Structure formats: C-alpha cells, structure tokens
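In order, the protein sequences belong to chains A and B. So in our numbering, spot 68 of the first sequence is number 1482, and the numbers just go up one at a time. So in our numbering, spot 137 of the second sequence is number 1551, and the numbers just go up one at a time.
If you are wondering where the hints come from, they were derived from the structure by calculation, not from laboratory data. Honestly, I wouldn't trust all of these hints.
Unchecked claim - Restricting the straight-line Cα-Cα distance to at most 20 Å, the calculated cross-link-like pairs of lysine to aspartate or glutamate (DMTMM-like) are:
id, chain 1, residue 1, chain 2, residue 2
1, A, Lys1525, B, Glu1569
2, B, Lys1510, B, Asp1475
3, A, Lys1525, B, Asp1573
4, B, Lys1525, B, Glu1467
5, B, Lys1525, A, Asp1573
6, A, Lys1514, A, Glu1417
7, B, Lys1525, A, Glu1465
8, A, Lys1510, B, Glu1575
9, A, Lys1514, B, Asp1573
10, B, Lys1525, A, Glu1569
11, A, Lys1525, B, Glu1465
To be verified - Each pair of labels, with its calculated beta carbon distance range:
id, chain 1, residue 1, chain 2, residue 2, range
12, B, Arg1508, A, Ser1574, 15 to 21 Å
13, A, Phe1553, B, Arg1454, 22 to 28 Å
14, A, Trp1539, B, Asn1540, 21 to 27 Å
15, A, Asp1475, B, Arg1508, 57 to 63 Å
16, B, Leu1555, A, Val1430, 26 to 32 Å
17, B, Arg1454, A, Glu1417, 38 to 44 Å
Treat the numbers as computed from the prediction; the structure is a model and nothing was measured. Ideal placement from N, C-alpha and C gives every residue a C-beta, glycine not left out.
2 protein chains.
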Amino acid sequence: MTEFTIRPAVEADAPVILELIRGLAEYERAPDQVVCDESRLRASLFGERPEAEVLLACIGDQAAGFAVFFHNYSTWLGGKGIYLEDLFVRPEARGKGIGKALLKAVAVIAKERQCGRMRWAVLDWNQPSIDFYRGLGAFALDEWTLYQLNREAIERLADSEG
Amino acid sequence: MTEFTIRPAVEADAPVILELIRGLAEYERAPDQVVCDESRLRASLFGERPEAEVLLACIGDQAAGFAVFFHNYSTWLGGKGIYLEDLFVRPEARGKGIGKALLKAVAVIAKERQCGRMRWAVLDWNQPSIDFYRGLGAFALDEWTLYQLNREAIERLADSEG
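Excised from the complex, chain A in its bound form:
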C-alpha cells in the first residue's frame, strides 16, 4: 500500500496547487475557465488575509491531490460550516484512499471548529464521486439550483439606476 501524508499547503506549494487546479478543471471539462495564475494564488491564499485553505496529499515529496475549502454560514444553524470548493486526486494516484483521506481531514477540521455542516457541489455526470459521497452519509440538495452573476453582470447591477 502506498504511503501518503496530508498537510496544510504553504506558499512554496503555489506552483503545484496551480497544476492541481488545472488538472481538476480538465477533469471537469472546463480547462479554459481557469484564469488564475501563480501570483493571484499567492496573494489570495498566502497573503495577509487568506481567502481559502488548502490541504495537500503527498506521496513522498510529490503532491498527489488537494482539498480547497473556506467557511460558509448558515442562518438556519446560526453558525459557520465548511464549503469544499475543490477535491481532486491526480489520475495516476487514484485507488489508494487519498480522496477519502482528504475529505476526512477536512471533516476533522470541521469537527474541531464546531461546524454544523459541510457542503460542496458535484457535477451531475460524475457518478463515481456521487456514489463515494453518498457512502459517507452525504445527501443531495436536490431542490436547489446554484445561480451565478459574473463580473460584468455584477458591475451592471451595481451601476444600475434605482
């Protein structure tokens, strides 16, 4: 069995984090959507006010996967939770339990910080992931659909009359 370790990412990991972000975007069939570059990653994740946290799974000194998360908030619970933005294991490192170990590491943090829930979004065609998550006790918020405003629409609304 391959040994791997999980640790919080540090700024020197920025290049490999960017590789993993791109690897996941390719898996999600949206490689063109990644406009992030290394300097943005350094500023947003390792600056004075980090905007998200990253856990890296490593085999030896090679990064094999990552989890990216931040805190969300529930008015129903009146407290914070964790939103898992990305969970990804490189194709060549799959089948070793790394994905589950990353998710478990996030759950340990959620428990320590007394988070009432964890959420994340899954692509509808990604049946292996759906089965994996359901096996851990996750359920789908089937009634809900996410909506998004991009930057242009935000600015149009912000600048609108009335």
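Following the hints, position chain B against chain A.
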C-alpha cells in the same frame, strides 16, 4: 412610492434578523430547520470574528427585508467572490423594489471588493425568483448539485479509521 433605506445590520438588530430568518424559512417550507436563536446570532454575526454580513432594508424604523452574505473563493479565478446565503422581503413589503435594491447593494459591495462572481442557491419551484434573477443576468449552474454532510456525518467521518 414607499421610501426605504438599506443599511448594514448592527447587534441591536439581532431580534429582527431572527424574525426574518424564520420568515424566509417558512416561505421555503422548512420552518423546523431553524435551530438558530438570538444568542447564536449575536455571537456568530456580531462577535470578534463575524461569520457573515447582513444588510437590512427598512421602511421607517421597521425592517422589511434582509440580505445575508459571506465571501467564497474560486480556484478558477484565484480570488474571492460573494455567496448570498439569504435574500428575503416580508410578504407585506413586496412589490416596492426592495429585493432588487438589496441585491444591488450586495453587488455594489462585490464590485468595491473586486469580487469575480456572486452565487446563491434558489429553490427549483420558486419561479418568480428565478425570473427575477435571470433578468439581472444571472445564469443557472445546471450541471451541478449541492451535497451536504450534517454534523453527525461529519463526526462519523472525522472519527473513522484509515
């Protein structure tokens, strides 16, 4: 036309925020899901490290609606955005443009803080809201479904072997 104002909520607003949370949960047909109480609200929203921000819309000194939001993060953009957790206008105060003004006020904040996107979740049967959001340039992330782990499942995963 009824005049209204929009302002950031302060701790003294906690009771009315709780009323609005319950009002929205009733509209969403999930009133039993609200376990939040006033002391949790005060601690989570107005303590040393606020977990979300609240804008109140008021007619005179009466709160007519609210928006609750926090920052999310996009690895594709390499930067933060805004997640709108709640947007609600009391039934008796509708039709005056308060919902749009609240959403616009959040967009103004998103623009000021250079957020690359705004997201929120909408109930699939809530067609008036869907039409309203689409009219502002929002699009549905149709391919994605939200999954959730509740506290018990988080603890089970956190405490699991391996």
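Structure-based check of each hint:
1. For the given pair, Lys1525/A sits about 6 Å from Glu1569/B by alpha-carbon distance, which is consistent with the 20 Å threshold.
2. Restraint check for Lys1510/B and Asp1475/B: the C-alpha separation of about 16 Å stays at or below 20 Å, so the hint holds.
3. Distance hint between Lys1525/A and Asp1573/B is fulfilled; the C-alpha atoms sit about 9 Å from each other, no more than 20 Å.
4. Taken as a hint, the Lys1525/B and Glu1467/B pair is honoured in the structure, with Cα atoms around 16 Å apart against an allowance of 20 Å.
5. Proposed proximity of Lys1525/B and Asp1573/A is supported: the alpha carbons are some 9 Å apart, at most 20 Å.
6. Note on Lys1514/A and Glu1417/A: the hinted pairing holds, with a Cα-Cα distance of about 14 Å set against a maximum of 20 Å.
7. With a C-alpha separation of about 17 Å, the suggested pairing of Lys1525/B with Glu1465/A holds against the 20 Å cut-off.
8. For the proposed pair Lys1510/A and Glu1575/B, the alpha carbon gap of about 15 Å is at most 20 Å, so the pair holds.
9. Taking the CA atoms of Lys1514/A and Asp1573/B, the gap is near 13 Å; set against the 20 Å cutoff, the hint holds.
10. At roughly 6 Å between alpha-carbon atoms, Lys1525/B and Glu1569/A fall within 20 Å of each other, so this suggested pair holds.
11. Simply put, Lys1525/A and Glu1465/B have alpha-carbon atoms about 17 Å apart, close enough for the 20 Å limit, and the pair holds.
12. Distance hint for Arg1508/B and Ser1574/A: a CB-CB separation of about 19 Å, consistent with the stated range 15 to 21 Å.
13. Range check, Phe1553/A to Arg1454/B: about 24 Å between beta-carbon atoms, so the 22 to 28 Å window is met.
14. Range check, Trp1539/A to Asn1540/B: Cβ separation about 25 Å, and the 21 to 27 Å hint holds.
15. One distance hint, 57 to 63 Å for the beta-carbon pair Asp1475/A and Arg1508/B, holds here, with the actual separation near 59 Å.
16. Between Leu1555/B and Val1430/A the C-beta distance comes to about 27 Å, which sits within the given range of 26 to 32 Å.
17. Arg1454/B and Glu1417/A have their C-beta atoms about 42 Å apart, which keeps the hinted 38 to 44 Å range intact.
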